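Chemist: Below are the chains, spelled out letter by letter.
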Amino acid sequence: MARITRRELMNLLGAFGVVATLAGLALGLPAIDRALPGERPVSADEPYPIGAGVTVVPPLGATLDVTVTRPGGTTGTALFRLGGVQYKIAVRPFDGDLRSAGSSLRQRITANPGYQVTGPQLEIATADGLAGLQGGYTAPGRSGRYAVFVADGLTIEVTISGVDLDLGRTLPQIEASTRTLRTDGRER
Amino acid sequence: MTAAAVRPAQGGARISALARVPAFWVVAALLLAGAVRMAQIAGRLASAYPIATVAAVLLFALLAVPFWLVVAELDFLEREPLELLVLAFAWGGLVATSVSIPASTALEDLVAKLGSPHLAADWGAALAAPSVEETAKTLGVVAIVLVARTQVNSVLDGVVYGAMVGLGFQIVEDIVFAVGAVALAGQGDQVQPVIATFLLRGFLSGVWSHTLFGALAGAGIGYLVVRRDRRPAHRVGAALLAFLGAWASHVLWNSPLLGDGLGNGALALLGILLLKGLPPLLLILWLVRRAHDREADYYVGRLGTLRDPELITEGELGVLGSGAARAAARRYAGQQAGHAGRRAVRRLQRAQARLAVELSRASKETGANCDEIRVQRKTLRGLGHPEAIAGPRSWRHTASTIVTTVVAIAVLWVALSALGGA
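Heads up: the protein sequence lines correspond to chains W and Z, in order.
Read in order, the letters of the first sequence correspond to residues 1 to 188 in the numbering used here.
Read in order, the letters of the second sequence correspond to residues 1 to 422 in the numbering used here.
Calculated from the structure, these hints are not laboratory results.
Predicted model only: the values in this text are computed from it and were never measured.
One thing to keep in mind: the hints can contain errors.
As the list claims (entries may be wrong) - A few chain W residues facing chain Z, derived, Cβ under 10 Å: (1) Gly17; (2) Ala23; (3) Arg99; (4) Ser100.
Unchecked claim - Derived CB-CB ranges, DEER-like: (5) W:Ala31 x Z:Ala19: 26 to 36 Å; (6) W:Thr74 x Z:Ser116: 11 to 21 Å; (7) W:Met10 x Z:Val375: 41 to 51 Å; (8) W:Leu165 x Z:Ala29: 17 to 27 Å; (9) Z:Pro50 x W:Pro120: 25 to 35 Å; (10) W:Pro49 x Z:Ile272: 19 to 29 Å; (11) W:Thr74 x Z:Gln190: 21 to 31 Å; (12) W:Ile32 x Z:Thr405: 48 to 58 Å; (13) Z:Arg396 x W:Gln107: 48 to 58 Å; (14) Z:Ala72 x W:Ala31: 35 to 45 Å; (15) W:Met10 x Z:Gln336: 49 to 59 Å.
Cβ atoms here follow ideal geometry from the backbone N, Cα and C, with glycine treated the same way.
When you get a sec, could you build the whole thing from the sequences and use the hints?
Modeler: Structure, rendered in structure tokens:
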């Protein structure tokens with residue numbers, strides 16, 4: 001049986017050092033990330049800034065998922081959780097009309113494997129009079145609702161998803177929260 | 001110029017020779033794992049957006065060609081083996097990308113968890129991506145050193161391998177971003193978002209991107225490996241400094257600094273591109289130029305010891321070390337002796353470069369290259385153009401340079417207007 005030389009041993013140790021560093025990055029960092037909680041309490045008494053001048057009053061008892069929430073000057077995303085239900089609002093620049101915004105959101109929902117849009121789109125409005133469209137969709141093991149608004153050169157997309165039981169219980173609170181969506185009125 | 005800065009390899013790097021090194025099999029396993037992971041991602045993208053995926057692959061593959069040629073041409077005198085260039089490119093495109101995707105996401109999440117969502121939104125990409133990606137890419141140059149230590153024999157070699165790793169990363173990342181833009185647009189399988197991403201990431205920011213950062217980090221590894229005349233602490237310090245330089249350039253590029261300061265429009269976008277990208281670009285180009293000139297001086301110096309004008313003349317010694325002068329000599333031969341003259345000068349220059357490397361290895365097998373030089377010299381004499389030197393600057397070349405520059409500026413302006421000024 002051939003013996004391994006000192007040079008070959010050092011070469012192999014170096015290679016395993018590279019593997020260990022890569023493993024630290026690809027497996028270690030996600031493990032540390034998973035070990036730390038990502039949810040923060042959020043007040044249901046005051047508007048939460050989503051980004052690009054858009055605010056919403058979160059539902060009572062909701063927590064904020066800081067791993068998805070990213071407020072910004074021209075874009076923004078906020079993810080609230082109510083038990084097993086996800087309530088996500090995304091804001092970004094948009095130069096089309098409400099119908100094309102609705103069509104774009106439906107396309108992105110149905111681009112996910114197993115996702116299907118259900119029923120027609122209905123008109124909705126926020127307390128401030130912001131007009132929007134809403135609809136429903138199904139996904140493997142869960143159901144969802146979506147809503148979209150266009151204002152000040154922005155599109156505001158709302159997606160809500162969870163298992164039917166949880167969704168039915170929390171949907172009134174979430175829809176009440178959606179009606180509190182406001183923009184700062186500055187054209188972008 | 002001392003030999004300490006250049007340590008010539010004693011031969012090529014055939015796969016059969018590489019396979020005898022234990023690290024090769026570890027690196028091969030990593031490449032295979034990276035390929036499987038990236039194939040899964042590519043499969044998902046292609047099944048959802050087949051036309052956009054094909055368009056993105058074609059566009060960015062085309063973009064890779066000039067980058068590849070420039071990087072490979074950097075080390076004209078002592079060319080790197082194709083096998084190792086491919087390995088470096090594959091590391092960047094398969095290993096570094098597949099590691100960076102989960103690691104960057106996790107690190108950005110940690111910035112949000114330990115700081116705040118605001119901090120992550122503003123600085124998450126600036127802190128997470130450079131830390132993870134520069135590490136994963138630099139490990140690619142380390143892998144090349146482990147697999148073929150003798151092929152990294154100057155700082156310039158580190159630059160070339162680092163740039164190749166960066167290029168592989170840049171191309172694959174751009175393809176993923178382009179198809180991601182299609183998904184985000186929500187208009188179905190369209191190519192417009194791919195073209196917009198190509199203009200922005202490939203054309204406008206492609207020059208000061210991963211290829212450049214990788215070159216800087218690679219220079220540090222090259223210095224660490226080659227300059228054994230320096231103390232270990234000095235070499236490690238230099239390698240760390242180069243890595244930090246690459247990291248800092250990447251942080252500056254991803255940072256929100258100047259994001260709102262220059263307003264909107266094409267001029268503002270151009271200003272941001274120049275202010276954020278130009279300083280690292282100039283610094284790295286200066287370092288690459290220094291490394292290139294040191295290596296060129298070394299190899300041209302070997303040829304100078306021959307004192308045989310049949311193999312290389314005084315004028316050719318002055319030309320061989322510079323890429324621009326070599327090109328000028330080929331153009332001059334084209335003007336004086338047509339296509340045949342141009343081809344003969346190119347072959348002569350390549351044979352002279354190979355001879356310089358053989359001489360630096362103290363090899364006794366210089367006969368084939370000497371014969372090739374004599375054949376090309378005879379051809380050139382027959383064409384009435386015996387010496388491969390650069391001629392006086394012609395008005396046609398000057399006009400062509402001006403027209404090319406004007407066209408490049410016009411294309412840049414159209415791209416800036418479409419993306420930032422519209």
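Chemist: Given a hinted range of 41 to 51 Å, is it respected by the beta-carbon distance of W:Met10 and Z:Val375?
Modeler: holds (45 Å)
Chemist: Let's test the interface hint: is any C-beta of chain Z closer than 10 Å to that of W:Gly17?
Modeler: This interface hint holds because 8 Å falls under the 10 Å limit.
Chemist: Has the hinted range 48 to 58 Å been met by the Cβ atoms of Z:Arg396 and W:Gln107?
Modeler: holds (53 Å)
Chemist: Using the C-beta atoms of W:Thr74 and Z:Ser116, is the stated range 11 to 21 Å upheld?
Modeler: Holds, since W:Thr74 and Z:Ser116 (Cβ atoms, about 19 Å apart) stay within the stated range.
Chemist: Given the range 49 to 59 Å, decide if the beta-carbon distance of W:Met10 to Z:Gln336 lies inside it.
Modeler: Between W:Met10 and Z:Gln336, where Cβ atoms are some 55 Å apart, the hint holds.
Chemist: Per the hint of 48 to 58 Å, is the separation of the Cβ atoms of W:Ile32 and Z:Thr405 within bounds?
Modeler: holds (50 Å)
Chemist: Return holds or violated for the Cβ distance of Z:Ala72 and W:Ala31 against the range 35 to 45 Å.
Modeler: The hinted range 35 to 45 Å holds for Z:Ala72 and W:Ala31, with Cβ atoms some 39 Å apart.
Chemist: Verify the CB-CB distance for W:Pro49 and Z:Ile272 against the hinted window 19 to 29 Å.
Modeler: Given about 25 Å between the Cβ atoms, the range holds.
Chemist: Holds or violated: 26 to 36 Å for the Cβ distance of W:Ala31 and Z:Ala19?
Modeler: holds (34 Å)
Chemist: Against chain Z, run the beta carbon of W:Arg99 and see if the smallest gap drops under 10 Å.
Modeler: violated (13 Å)
Chemist: Is 21 to 31 Å a correct range for the gap between the Cβ atoms of W:Thr74 and Z:Gln190?
Modeler: Roughly 23 Å apart at Cβ, these two residues keep to the hinted range, so it holds.
Chemist: Starting from the hint 25 to 35 Å, judge whether the C-beta atoms of Z:Pro50 and W:Pro120 obey it.
Modeler: Once the Cβ atoms are compared, 30 Å apart, the range 25 to 35 Å for W:Pro120 and Z:Pro50 holds.
Going through the hint list in order, the structure does not satisfy hints 3, 8.
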